[in-house]
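K.L.:
Residues per chain are reported as follows:
Protein chains: 2
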Amino acid sequence: MPNRTVFFVSDGTGITAETFGNSILSQFAAKPRHVRRPFIDTVDKAHQVVREIDHAAAIEGKKPIVFATLVDAEILGIVKEQSKGLVLDMFNTFIEPLEAEFGMTSNHRIGRFSDISKSQEYNDRIEAINFSLEHDDGQSAKNLAQADVILVGVSRSGKTPTSLYLAMQHGIKAANYPLVPEDFERGQLPSTLAPFKTKCFGLTIDPERLAQIRNERRPNSVYASLDNCRHEVREGESMMRRHGIAWLSSTHKSIEEIATTILRDLRPDRLMY
Amino acid sequence: MPNRTVFFVSDGTGITAETFGNSILSQFAAKPRHVRRPFIDTVDKAHQVVREIDHAAAIEGKKPIVFATLVDAEILGIVKEQSKGLVLDMFNTFIEPLEAEFGMTSNHRIGRFSDISKSQEYNDRIEAINFSLEHDDGQSAKNLAQADVILVGVSRSGKTPTSLYLAMQHGIKAANYPLVPEDFERGQLPSTLAPFKTKCFGLTIDPERLAQIRNERRPNSVYASLDNCRHEVREGESMMRRHGIAWLSSTHKSIEEIATTILRDLRPDRLMY
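As you go down the protein sequences, you meet chains A and B in turn.
Those letters in the first sequence? Residues 104 to 376, by the working numbering.
Those letters in the second sequence? Residues 104 to 376, by the working numbering.
Don't read these hints as lab results, they were simulated from the structure.
Be careful, since some hints might not be right.
What the hints assert, rightly or not - Just the calculated beta-carbon pair ranges, DEER-fashion: (1) E230/B - R136/A: 21 to 27 Å; (2) K187/A - T196/B: 30 to 36 Å; (3) I162/A - I162/B: 53 to 59 Å.
Unchecked claim - Far from chain B, by Cβ distances over 12 Å, these chain A residues were calculated: (4) S129; (5) L201; (6) L292.
We put the beta carbon where it would ideally sit given N, CA and C, even for glycine.
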């Protein structure tokens, strides 16, 4: 039972505050309650958050932790000076040394997404999501030439979530293509992939874990049986090895880690821009 | 032409460092080059990054900015003390006050995703992604009772990316359902949605922007014409109003902002856990 609350207070979505705050909190054994308060962009809303922070402090008898990404000095001041929380000011802490180094003052704009909908980068993300949806699970071989990355691997090795993540977060057009028993019988990559081998990236997975995942979908099927999973994984890995396709095991990796590894190995340009 | 490089150096994916660093950099008019260096988890790799930072410093004649999320003291020390960059140490800056407040030392674990693949939260995300894919664009009315959220709106109002984002980032089972001219003629919500009105959330969009988006897909069609877009948007909004469905305009909002607003209004529990 959590006995302390952590607030993520932001004038924008609060996603930055929460992502960053969580990665710091993961260094502690404490398991606090999480409360995200987005769009705190008026003095009134700031006072409301202060009341909420103080309420938690009174009930729990402990200082709430407040990760704040608030650009406006007045709003930040209210939360920082009037609440009973330990306010970690994530913006100004780093803005000051940057102002000194850049030799310019920051412009104190609220929210990092303001009207991003019009930007090219944003349109590219949307287009990439549509592309990845249309090219999920080998649905379409059309326009594969336009793909940035083609993920290959046996069914349920993690291709779909990884493709969508690459599209959504990085604007990468990621197709994905299943390796199926017929491919293993022929001993060849699906013929549609042959011209695009250099942009293929393989996912493999521990057969025990694969059997577990497949059993949730189709319990007690041949498809989900451990024997079959072992066979498919072995054949898949050997096919990738034969064709010189880089691959990794998704078993103990998050979508974020898989996506980052693919970018680093296949599209390092996307980590530098 | 950027004349300064910003590095995001991490022992994990570097996504936290980059997200947070970008939101701080967005406060400045400077447009530096971005380089993300993930998985820097050995002394050798640290030295390699130092060389890269110093190379940028030499070429650009300016201190590179380095946003670092490095837990290991030795690795951080190398980057901090041996490179010519301005190193912003995102972890320790906040870990020290937290150690004092929690009354415990942090455990200096590397990477926040270690073996997260086994966690319930992670499985929920994957399941939500599959659900959202199966319920994209009204494809299936099956299991709508299991949906956490059902997005409604005219074609190309932003439903698909928002559903996938909600699933991927929050483990929310988000179905989406198009409002089509036939619905407007009948003057009624699609009948499959009627039992689930309380979990519907509407997206609308500026007709000019909609026409622009639709024209990219089907140039010069009736579907994409401004007149038709105006008609559909007007009818869609009036239908949502009549049925008491909360809605927002996606025109000037990012996927992240739309998703956060939906959570706040429809599933505030998902912002507190």
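K.L.:
Since S129/A was said not to touch the interface, does its Cβ keep a gap of more than 12 Å from each Cβ of chain B?
P.N.:
violated (4 Å)
K.L.:
Do the beta carbons of E230/B and R136/A sit within 21 to 27 Å of each other?
P.N.:
holds (24 Å)
K.L.:
Minimum C-beta separation from L292/A to chain B exceeding 12 Å: can you confirm that?
P.N.:
It holds; L292/A is separated from chain B by about 25 Å at its closest Cβ, greater than 12 Å.
K.L.:
Within 53 to 59 Å: is that where the Cβ-Cβ distance between I162/A and I162/B falls?
P.N.:
holds (56 Å)
K.L.:
Taking the closest pair, is the beta carbon of L201/A still more than 12 Å from chain B?
P.N.:
violated (7 Å)
K.L.:
Does 30 to 36 Å hold as the CB distance between K187/A and T196/B, or does it fail?
P.N.:
violated (22 Å)
In this structure, the earlier hints numbered 2, 4, 5 are contradicted, and the remaining ones agree with it.
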